[in-house]
Amino acid sequence: MENETELTTFSFPNATDDLDDLELEDMYYKEPVWVQAIFIALYATVSILGICGNGIVCYIVLGHQRMRTVTNYFIVNLAIGDLLMAAMCVNFTVYATLYTRWPFGEVMCKLVSFSQTISVSVSIYTLVAIGVDRYFAIIKPLRPRMGSTETLFVIGVIWVISIALALPTLLFTTVESYGEATFCTDGSWEDSLVYSLICMVLQYFLPLTLLAGAYIRIGRRIWGRRTPGEMEAERDKKMSESKARLVKMFATIVLLFALCYLPIQIYTIVQDSNQDVLKYHYIKIIYLCALLAAMSNCVYNPFIYCWMNIKFRNGFRSVFRFLPCVKYQRNWNGFKGLRRANTGQTQMETMSLGSRVDRGRWWTQDPGKTNKNGRASNSDGETRTSFM
628 MENETELTTF
638 SFPNATDDLD
648 DLELEDMYYK
658 EPVWVQAIFI
668 ALYATVSILG
678 ICGNGIVCYI
688 VLGHQRMRTV
698 TNYFIVNLAI
708 GDLLMAAMCV
718 NFTVYATLYT
728 RWPFGEVMCK
738 LVSFSQTISV
748 SVSIYTLVAI
758 GVDRYFAIIK
768 PLRPRMGSTE
778 TLFVIGVIWV
788 ISIALALPTL
798 LFTTVESYGE
808 ATFCTDGSWE
818 DSLVYSLICM
828 VLQYFLPLTL
838 LAGAYIRIGR
848 RIWGRRTPGE
858 MEAERDKKMS
868 ESKARLVKMF
878 ATIVLLFALC
888 YLPIQIYTIV
898 QDSNQDVLKY
908 HYIKIIYLCA
918 LLAAMSNCVY
928 NPFIYCWMNI
938 KFRNGFRSVF
948 RFLPCVKYQR
958 NWNGFKGLRR
968 ANTGQTQMET
978 MSLGSRVDRG
988 RWWTQDPGKT
998 NKNGRASNSD
1008 GETRTSFM
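Taking the working numbering, I'd label the letters of the sequence shown as residues 628 to 1015.
FYI, nobody ran anything at the bench for these hints, they're computed from the structure. Some hints here could point you the wrong way.
To be verified - Straight line, CA to CA, 20 Å or less: simulated SDA-like cross-link-like pairs of lysine to any residue:
| hint | residue 1 | residue 2 |
| --- | --- | --- |
| 1 | Lys657 | Lys906 |
| 2 | Lys875 | Val755 |
| 3 | Lys875 | Ile766 |
Claimed, not checked - Simulated DEER-style distance windows between Cβ atoms:
| hint | residue 1 | residue 2 | range |
| --- | --- | --- | --- |
| 4 | Val660 | Met735 | 35 to 43 Å |
| 5 | Val787 | Trp661 | 43 to 51 Å |
| 6 | Gly783 | Ala664 | 38 to 46 Å |
All values derive from a computational prediction rather than experimental measurement. In this text, a Cβ means the ideal position worked out from N, Cα and C, and glycines have one as well.
Can you build the whole structure from these sequences, using the hints too?
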């Protein structure tokens, strides 16, 4: 074979030129058994936690009418993208890299590469959609908000763009033989380096730059200085705090995405610039570590929701209420009323996730958050009738 590549294509096609001078001993070198066991355990943990955690997130939102808000629909879309990564990509990739072969056939070769690119695109573009929604809700609060139809349309556009960006992997990724082994590779595609750079810009640098600008401006609006002597009504203060918590949660998710995918971006840039690094004895371990950091991103979001949002936390408690260590009580409708064991913590932690969707839309309001007219204001500053 004239060109040899990395074993799998993870979002960005890897090295494709002039690698036939690699020694067979280097190509077929296997890490010690204990190293293999560690990586297999780590990747398996990522796969299991990613499937379970994101599956529960989907259940909490889609299985309960009152959780179906605009922002929560985006959260479900983010969870589906992470599910795709955890179920379709993690285990196949670690096997192919550790054992330097692809025994799963050409169809799975194409599907795994295709799924990896789609998953990354869906995740980052969903974060962009959430950032735009938060931006207009806070910077331009008088602008009409999205309803269910608009939200589903945006989600559809995200998937169309993601599939279009991933199509080259479906068309050009194939199984090739080298010696007695077979590999899942894109080595026959001359423009793979150009595609790699395009994906790097569209899946990482450009979206994160836009998100950074949006959240910086949102932060200035929420935490900016007030005019001396300016007073703030108690209701407005609570709404500002609710908005701040929501922004912190999504900013944390964006920051984690950037940090998780940074190592694989650096690896790709270095490898594309100097393919001699593939001759380095420990390059496989470096690649596996960078890949693990990227793929582990599919695990963290459910923990962030559970940590930073009381409704998702109560949803997880509902799912795991059969465990003796989980405290759960049914004292209000849905997930609204689970009281925390720590009575010193304020009930202000309850917040709405995004604008409500058409008729039947809802949001959670603690009894102490209604105004004198029995009306309550959500995190976007809209007035809603209290359900309490």
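Here is how each hint holds up against the structure:
1. Lys657 <-> Lys906: Within the cut-off at roughly 14 Å; holds.
2. Lys875 <-> Val755: 15 Å, holds
3. Lys875 <-> Ile766: 16 Å, holds
4. Val660 <-> Met735: 35 to 43 Å: 26 Å, violated
5. Val787 <-> Trp661: 43 to 51 Å: 45 Å, holds
6. Gly783 <-> Ala664: 38 to 46 Å: 42 Å, holds
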